[in-house]
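> Please work from the sequences and hints to get the whole structure.
First residue of the sequence shown? That's 70 in our numbering, and the numbers climb one at a time after it.
Honestly, the hints are just simulated from the structure, not real lab data. It cannot be assumed that every hint is accurate.
[As the list claims (entries may be wrong)] Only pairs whose alpha carbons sit at most 27 Å apart, straight line, appear in this in silico DSS-like list of lysine-lysine:
(1) K183 - K390
(2) K405 - K426
(3) K148 - K110
(4) K241 - K368
(5) K241 - K266
(6) K405 - K183
[As the list claims (entries may be wrong)] Label-pair restraints from in silico Cβ distances:
(7) G143 - D334: 20 to 28 Å
(8) R436 - M386: 37 to 45 Å
(9) S314 - N122: 41 to 49 Å
(10) E217 - T369: 42 to 50 Å
(11) Q216 - N142: 25 to 33 Å
(12) P337 - K241: 51 to 59 Å
(13) V398 - A361: 32 to 40 Å
(14) T274 - A361: 51 to 59 Å
(15) E372 - A288: 28 to 36 Å
Heads up, the beta-carbon is just placed ideally off N, CA and C, and yes, glycines get one too.
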Amino acid sequence: MIKKITRSFSVLALSLFVLTGCGENKTSAVTEGNVQPEQEKFAWKLVTSWPKNFPGLGMAPEKFAKHVNAMSNGRLTVKVYGAGELVPGFEVFDAVSQGTVQMGHSGSYYWKGKIPAAPIFSAIPFGMTATEFNAWLHYGGGIELWQELYQPFGIKPLPGGNSGAQFGGWFKKEINSVADLQGLKMRIPGLAGEVLKSAGAIPVTLTGGEIFSALQSGAIDATEWVGPYNDLAFGFYQAADYYYSSVWHEPGTGLEFLINQQAFDALPADLQAIVEVAANAVNESTLAEYNARNNAALKTLLEEHKVQLRQFPMEVMQALKQHTDALIVEQVAADKDFARVWQSYSEFLASMHEFNKLTLQSYYENR
70 MIKKITRSFS VLALSLFVLT GCGENKTSAV TEGNVQPEQE KFAWKLVTSW PKNFPGLGMA
130 PEKFAKHVNA MSNGRLTVKV YGAGELVPGF EVFDAVSQGT VQMGHSGSYY WKGKIPAAPI
190 FSAIPFGMTA TEFNAWLHYG GGIELWQELY QPFGIKPLPG GNSGAQFGGW FKKEINSVAD
250 LQGLKMRIPG LAGEVLKSAG AIPVTLTGGE IFSALQSGAI DATEWVGPYN DLAFGFYQAA
310 DYYYSSVWHE PGTGLEFLIN QQAFDALPAD LQAIVEVAAN AVNESTLAEY NARNNAALKT
370 LLEEHKVQLR QFPMEVMQAL KQHTDALIVE QVAADKDFAR VWQSYSEFLA SMHEFNKLTL
430 QSYYENR
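Below is the structure:
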């Protein structure tokens with residue numbers, strides 16, 4: 070009996086050993102059969118309209134590239150080139166459209182000659198603040214209109230940062246009346262340049278890296294750029310005596326990422342999502358950076374460099390507003406796309422204006 074039990078136990082043990090061995094082989098085969106192929110990697114080039122690594126503007130694309138590389142675990146890498154390194158700063162749009170590079174970072178008002186409505190997606194004189202602008206883009210239909218405008222050029226635009234309210238600029242002489250604008254040569258882009266032109270000034274378009282030498286040499290009499298944070302970095306206080314804080318031409322300047330549509334479509338869905346999320350993160354963080362840095366930079370300009378801070382007289386501000394209103398009427402009549410986008414923009418601005426009167430405006434006065 071004992072021999073029989075022992076013999077049965079041995080048979081059972083042998084069976085278990087065989088089955089276990091078969092199971093291990095099966096698991097190994099399944100594992101080997103499910104080995105994932107190495108995922109495709111993508112390398113993009115991103116050109117900008119700004120000097121390489123310039124504070125704020127220039128660092129926005131650098132942050133984007135860092136985010137994308139980290140979130141994709143190196144499957145999508147983005148190399149950033151400053152203005153002039155691969156293409157001139159004002160040729161970013163064309164480079165992306167033609168597929169010479171996969172991405173760009175710039176300001177939409179530089180493309181006014183190609184797309185009359187493009188400046189609406191950067192800055193409108195006496196228009197939306199940064200908070201209002203972002204709200205319109207994401208929840209008022211702005212992004213959809215923007216992408217429709219760029220679609221014929223094979224470009225997908227995404228918000229790429231915001232500088233917040235920009236200062237009125239640097240002047241070699243004081244502006245005491247509208248008469249002082251006559252014949253004034255000022256570096257200023259977009260619709261604001263057209264407004265100044267109608268007020269008697271001479272707008273000049275220059276990239277950031279060209280401004281200081283032009284101001285110092287007298288090729289221009291005045292310039293706007295961004296605000297204290299960037300203006301201090303460019304050293305404009307060495308070339309002009311008067312700094313005007315009056316906000317009018319760019320109350321909340323939106324930057325843009327330009328993406329070649331074919332390059333974007335070639336990405337798998339997860340990398341497309343990473344690109345969009347990274348752009349959104351940079352859009353928010355860039356505005357926060359400007360809000361944090363401008364005040365400290367202004368203090369340095371005033372206390373260390375003895376800059377003379379001024380505000381435009383009310384007469385000048387009223388004239389600029391009148392010229393802005395007249396220019397908008399002209400643009401609406403001249404271009405159907407401008408009219409369509411402006412209707413959406415202006416209606417949203419009107420609704421925000423009423424709400425802000427009840428909330429923030431009252432709050433600032435009370436605070």
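> Hints first: check each against the structure and report whether it holds.
Now the hints, each set against the structure:
At most 27 Å may separate the alpha-carbon atoms for a hinted pair to count; K183 and K390 meet this at roughly 25 Å. For the suggested pair K405 and K426, the alpha carbons sit about 31 Å apart, so the restraint of at most 27 Å is broken. Of the supplied pair hints, the one linking K148 and K110 holds, its CA atoms being roughly 14 Å apart against a limit of 27 Å. This hinted pair checks out: K241 and K368 have alpha carbons roughly 21 Å apart, not beyond 27 Å.
Restraint check for K241 and K266: the C-alpha separation of about 18 Å stays at or below 27 Å, so the hint holds. Restraint check for K405 and K183: satisfied, since their Cα atoms lie roughly 14 Å apart, inside the 27 Å limit. At about 21 Å, the beta-carbon gap between G143 and D334 stays in the expected band of 20 to 28 Å. Evaluation of the 37 to 45 Å hint for R436 and M386 yields a failure: the beta carbon distance comes to about 24 Å.
Under the hint 41 to 49 Å, the C-beta atoms of S314 and N122, about 27 Å apart, miss the expected range. At roughly 43 Å, the beta-carbon separation of E217 and T369 lies within the given 42 to 50 Å, and the hint holds. Between Q216 and N142 the CB atoms are about 28 Å apart, so this pair conforms to the stated range of 25 to 33 Å. Our hint of 51 to 59 Å for P337 and K241 holds, since their Cβ atoms are close to 54 Å apart.
Evaluation of the 32 to 40 Å hint for V398 and A361 yields a pass: the beta carbon distance comes to about 38 Å. Under the hint 51 to 59 Å, the C-beta atoms of T274 and A361, about 29 Å apart, miss the expected range. A hinted range of 28 to 36 Å for the beta carbons of E372 and A288 is consistent with their spacing of about 30 Å.
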